[in-house]
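Each chain is listed here by its residues.
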Amino acid sequence: MTAVQETFTDPTTHLTDTDIENLGAELDAIREQVIASRGERDADYIRTVIDAQRKLELGSRAVLLFSLFPPAWLAGTVGLSVSKIIENMEIGHNVMHGQWDWMRDPAIHSTTWEWDNASPADMWKHSHNELHHTYTNVRGKDNDLGYGIMRVDDEQPWKPLYLIQPISNAINACLFQYGIAFYDLEIGRYLKGRVEKDDFISRGKKVLAKIRRQATRDYVLHPLLSGPSALSTLTANLTANLVRNLWTHSVIMCGHFPEGVQTFAKDSIDGETRGQWYLRQMLGSANISGSPAMHFMTGNLSYQIEHHLFPDLPSNRYQEIAPKVQEIFERYGLTYTTGPLPKQVASAWREIIRLSVPNRPSQHAKGVQQ
Amino acid sequence: MTLTAPLTASRTTPTATLRAQMMKLAERISTPLLPADYLDVIDPLRSGAALRGRIVAIHPETRDAVTLVIRPGRGWRGHMPGQYIRIGVDVDGVRQWRAYSLTSPTGRPDGCISITVKAIPDGVVSNYLVRRARVGTVIQLDQAAGEFTLDRPAPAKVLFVTAGSGITPVMGMLRNLPANSATDVVIVHSAPTAADVIFGGELRKLADRGRIRLVEIHTDTDGLLDVASLQDVVTDLPERHTWACGPIGLLDALESRWAAAGLAEILHTERFRTTVIATGEGGTVTFTAAGTAAENDGTQSLLDTGEAAGVLMPSGCRMGICFGCVAPLRRGAVRDLRTGALTTAAEGDGVVIQTCISAAAGPCDIDL
Numbered sequence: 001m002t003a004v005q006e007t008f009t010d011p012t013t014h015l016t017d018t019d020i021e022n023l024g025a026e027l028d029a030i031r032e033q034v035i036a037s038r039g040e041r042d043a044d045y046i047r048t049v050i051d052a053q054r055k056l057e058l059g060s061r062a063v064l065l066f067s068l069f070p071p072a073w074l075a076g077t078v079g080l081s082v083s084k085i086i087e088n089m090e091i092g093h094n095v096m097h098g099q100w101d102w103m104r105d106p107a108i109h110s111t112t113w114e115w116d117n118a119s120p121a122d123m124w125k126h127s128h129n130e131l132h133h134t135y136t137n138v139r140g141k142d143n144d145l146g147y148g149i150m151r152v153d154d155e156q157p158w159k160p161l162y163l164i165q166p167i168s169n170a171i172n173a174c175l176f177q178y179g180i181a182f183y184d185l186e187i188g189r190y191l192k193g194r195v196e197k198d199d200f201i202s203r204g205k206k207v208l209a210k211i212r213r214q215a216t217r218d219y220v221l222h223p224l225l226s227g228p229s230a231l232s233t234l235t236a237n238l239t240a241n242l243v244r245n246l247w248t249h250s251v252i253m254c255g256h257f258p259e260g261v262q263t264f265a266k267d268s269i270d271g272e273t274r275g276q277w278y279l280r281q282m283l284g285s286a287n288i289s290g291s292p293a294m295h296f297m298t299g300n301l302s303y304q305i306e307h308h309l310f311p312d313l314p315s316n317r318y319q320e321i322a323p324k325v326q327e328i329f330e331r332y333g334l335t336y337t338t339g340p341l342p343k344q345v346a347s348a349w350r351e352i353i354r355l356s357v358p359n360r361p362s363q364h365a366k367g368v369q370q
Numbered sequence: 001m002t003l004t005a006p007l008t009a010s011r012t013t014p015t016a017t018l019r020a021q022m023m024k025l026a027e028r029i030s031t032p033l034l035p036a037d038y039l040d041v042i043d044p045l046r047s048g049a050a051l052r053g054r055i056v057a058i059h060p061e062t063r064d065a066v067t068l069v070i071r072p073g074r075g076w077r078g079h080m081p082g083q084y085i086r087i088g089v090d091v092d093g094v095r096q097w098r099a100y101s102l103t104s105p106t107g108r109p110d111g112c113i114s115i116t117v118k119a120i121p122d123g124v125v126s127n128y129l130v131r132r133a134r135v136g137t138v139i140q141l142d143q144a145a146g147e148f149t150l151d152r153p154a155p156a157k158v159l160f161v162t163a164g165s166g167i168t169p170v171m172g173m174l175r176n177l178p179a180n181s182a183t184d185v186v187i188v189h190s191a192p193t194a195a196d197v198i199f200g201g202e203l204r205k206l207a208d209r210g211r212i213r214l215v216e217i218h219t220d221t222d223g224l225l226d227v228a229s230l231q232d233v234v235t236d237l238p239e240r241h242t243w244a245c246g247p248i249g250l251l252d253a254l255e256s257r258w259a260a261a262g263l264a265e266i267l268h269t270e271r272f273r274t275t276v277i278a279t280g281e282g283g284t285v286t287f288t289a290a291g292t293a294a295e296n297d298g299t300q301s302l303l304d305t306g307e308a309a310g311v312l313m314p315s316g317c318r319m320g321i322c323f324g325c326v327a328p329l330r331r332g333a334v335r336d337l338r339t340g341a342l343t344t345a346a347e348g349d350g351v352v353i354q355t356c357i358s359a360a361a362g363p364c365d366i367d368l
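Those protein sequence lines, which keep their order, are chains B and Y. Residues 1 to 370 (the numbering used here) are what the first sequence spells out, left to right. Residues 1 to 368 (the numbering used here) are what the second sequence spells out, left to right.
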C-alpha cells in the first residue's frame, strides 16, 4: 500500500530576480495609489461602522434585558453575535493594525484600541502584527501555522500530539477567544525557557485580568441587570460569544490553512528583498469569495492576500485593489488561491484531518523554496 | 475609544461616593470601552463628554473669510472677549487642530459662539472651513484660552492696531463692550482693499455713529502701515492702551517702538501661530522623555538613531508593516524612507509616526 506522496513544486521557478523586483514595484505602486487617495470617504466609512456597531450592541443588550421572552432572546443574541463579530473583525483587527492611524483620531488608533476579546490588545498586536505578519508562513517562526497544537502543512514535521488535532481544532473553535489569549501568552516559549519568569507572570496576570473583566460584564453584570431574565441573558451572552468564536475561527482558518497555501523554510527568508517578501505573502495566503455581506462580516479578511500584502491599508480598500492584485498574479504566472466560504472551510478542515497522521517524507525535503 | 480618565472619588460626601460607585459600575458594564464611548454615539454634545461643538451656521464675511457659528457641548465654560479656542476639524479624514479667536458676544441668548476664519494660501484647515465646511458638522473643541483680553473695566483710551484676520480678536472685544461704554476706541486696520476688511460694514457703521474712530489702510493702494508714522495718525498714542494683532513683522515693529519709548507695558500683542516648520535633509532628533538628542542624517531611521543613542525604542518588524514602533512626533518634520513623503507636526497636533521607516527632515522632537 502506498501512501499518497505530496510532491512539492516550487511555483516560483519561472520568476527571475528581476521579475520579483518588478513585481514588488508594481505592488508598491498600488499601495501608493491607495495612500494618495485616502481621505474623507474612508474616514466616514470607519466612523459609520463603529457608530452602527455600538448602536447594534447597545440595542441588542437592551433587548436582552427582556430575554425571558424567546423572541427577545433570539433577536438580542443574533444582534449581539453580529455586533461582537464586527467589533472583533472589521473594527478591532483593522484598527489595531494601524489601518486608521492616519486619521490622527486618538479614539480610533492602534495605540489606544482595546477590543471586545479575552486577549489584551498589546499582546495580540505583538503576536499578530509583529510576528505573524513579518514571518508569515515561515515554519518555526510563524506560530499561526497551527498555533503550536496542530500540523497544517506537509513540510511541518509530524508529532503524535497531532493525532488528536481535529478534536483540538474543534475545541479551539468553540473557545477561540481564550485560545487566542493563551496563544498570545506564548506559553510554549516560556516552557522552553525563552521568556523570563517575572515577565511571563505579569503577562499572565494581564490576560487573567482581561478575561475577568470580560466575563464579569457578560456573565455577571448584564444578567443581573436583566432581573428576572438573568438566566436567559446569561445563556444569550454565552451563545453570542460562542457564535463569534466559531465564525472568527472558521474565517481565520481560511486565511492560511486551505490546500494550495505554501509555507517556507526558516533560512529561506535570510536577506529577503521587498519583492520576495511580497511574493511570500502572496503564496502564503488564501482568499474567500462571496457576497459583500460576507466580505464585511469577515472584516475583509476574505481579502487575506491583499491584507497580507498591505496590512496597513484601510480595509474598505481591499476589495477595490483585489482585481489589480489578481491581474498581477495572472501576469506573473502565480495561483490566486480563493474559493467560496464553505469550500475553503472544508478544505482547511480536510488538511487538518489529513495532516493529523504522518505522511511519507516527500521528495522536496531539500528542495529550494522561495 | 475615549481616553478620558475614570472619575475617582476625591471627596468623601455620600453623593460623591455614590456617584463614583455608579461610575465604576458603568465602566464595568461598558468594558473594554468607557461609558463615554457609547454615550457619544447618542449625544456627542452632552455634558461630561469630551468638548465638542456643532456648526449651526456659516456666514460669508469677505471673498475669503467666513464666520462659523458653533453650538458648544454642555461642558463649555464660556470665554473672555479676545480669547481664542483650539478646534479639531477632520479635513479629508485627518484631524487637524487650529486656533481661532472668538468673535461672539459672551452671553449670546442661544448659547452659541462664533469664530471668523480667513483662508490663507495653502492653508489646509482655513480653506476647508471657508470653502467646504457644512452646517451640522461636529468639531472637537478646547476651552477658551489666551491672555489677549481687554481689561475690565476697559481703560479710558484704547488703540487697536490690526491687519487681516488680526481684526478677529478685536471684534470679539468690541462686541462685548457694554453699550454705555465711555471708552475712546481707535482702530488702525490694514487690509489689501476695502472689500477685504473683515467686518468692514459693522466697523464703518460704528465709526459713523461715533462709537469708534476707524483708520483703514488699504495696502494695495496705500502701501504697508509705517509703524513710525502711527504717532502722526494717533496723536495721543502714549495715553492709549494698545492691543495689536497681525503678521509677525507688524508686531515685532510695534514691540520695538513701544519698548524704545518706554511704553512696553501698555502694548499687548497676539501672535497667531504661524508654524514655520523647518524641513531639510536630516536634523537633530530630540527624544524628549529620555532627555537625549542625536543627529540623524536623513538616510538612517529614527529607530536606529534612537537605539544608537541608548534610548528605549519600541519596535517590531522594522519594516513598516506592524506599527509596533509608533511614537508621537511632538514637533518637527520627518520623511518616510520608503516613499519620501513628508510629515510635519507642531505642538498639539497629535501626530504619531513609525520610527522604523522615518528619518529626520529637519529638527524634530519624539516623545520617547
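Derived from the structure by calculation, the hints contain no laboratory data. Worth double-checking, as some hints may not be accurate.
For lysine-lysine, the following BS3-like pairs were computed, each having C-alpha atoms within a straight-line distance of at most 25 Å [to be verified]:
{"id": "1", "chain 1": "B", "residue 1": "K141", "chain 2": "B", "residue 2": "K266"}
{"id": "2", "chain 1": "B", "residue 1": "K266", "chain 2": "B", "residue 2": "K192"}
{"id": "3", "chain 1": "B", "residue 1": "K141", "chain 2": "B", "residue 2": "K159"}
{"id": "4", "chain 1": "B", "residue 1": "K192", "chain 2": "B", "residue 2": "K206"}
{"id": "5", "chain 1": "B", "residue 1": "K206", "chain 2": "Y", "residue 2": "K24"}
{"id": "6", "chain 1": "B", "residue 1": "K55", "chain 2": "Y", "residue 2": "K24"}
{"id": "7", "chain 1": "B", "residue 1": "K192", "chain 2": "B", "residue 2": "K141"}
{"id": "8", "chain 1": "B", "residue 1": "K55", "chain 2": "B", "residue 2": "K141"}
{"id": "9", "chain 1": "B", "residue 1": "K205", "chain 2": "Y", "residue 2": "K24"}
Ranges of calculated distance between the beta carbons of each label pair, as one might list FRET restraints [unchecked claim]:
{"id": "10", "chain 1": "Y", "residue 1": "A16", "chain 2": "B", "residue 2": "A29", "range": "49 to 55 Å"}
{"id": "11", "chain 1": "B", "residue 1": "Y219", "chain 2": "Y", "residue 2": "V41", "range": "20 to 26 Å"}
{"id": "12", "chain 1": "B", "residue 1": "T216", "chain 2": "Y", "residue 2": "E281", "range": "31 to 37 Å"}
{"id": "13", "chain 1": "B", "residue 1": "D267", "chain 2": "Y", "residue 2": "A309", "range": "29 to 35 Å"}
{"id": "14", "chain 1": "Y", "residue 1": "A289", "chain 2": "B", "residue 2": "I164", "range": "37 to 43 Å"}
{"id": "15", "chain 1": "Y", "residue 1": "T15", "chain 2": "B", "residue 2": "T216", "range": "43 to 49 Å"}
{"id": "16", "chain 1": "B", "residue 1": "T216", "chain 2": "Y", "residue 2": "L342", "range": "45 to 51 Å"}
Computed from a predicted structure; not experimentally measured. We put the beta carbon where it would ideally sit given N, CA and C, even for glycine.
For each hint, the structure was consulted:
no.: 1; hint: B:K141 to B:K266; result: holds (7 Å)
no.: 2; hint: B:K266 to B:K192; result: holds (19 Å)
no.: 3; hint: B:K141 to B:K159; result: holds (18 Å)
no.: 4; hint: B:K192 to B:K206; result: holds (21 Å)
no.: 5; hint: B:K206 to Y:K24; result: holds (19 Å)
no.: 6; hint: B:K55 to Y:K24; result: holds (22 Å)
no.: 7; hint: B:K192 to B:K141; result: holds (15 Å)
no.: 8; hint: B:K55 to B:K141; result: violated (40 Å)
no.: 9; hint: B:K205 to Y:K24; result: holds (21 Å)
no.: 10; hint: Y:A16 to B:A29: 49 to 55 Å; result: violated (60 Å)
no.: 11; hint: B:Y219 to Y:V41: 20 to 26 Å; result: holds (24 Å)
no.: 12; hint: B:T216 to Y:E281: 31 to 37 Å; result: violated (54 Å)
no.: 13; hint: B:D267 to Y:A309: 29 to 35 Å; result: holds (33 Å)
no.: 14; hint: Y:A289 to B:I164: 37 to 43 Å; result: violated (49 Å)
no.: 15; hint: Y:T15 to B:T216: 43 to 49 Å; result: violated (26 Å)
no.: 16; hint: B:T216 to Y:L342: 45 to 51 Å; result: holds (47 Å)
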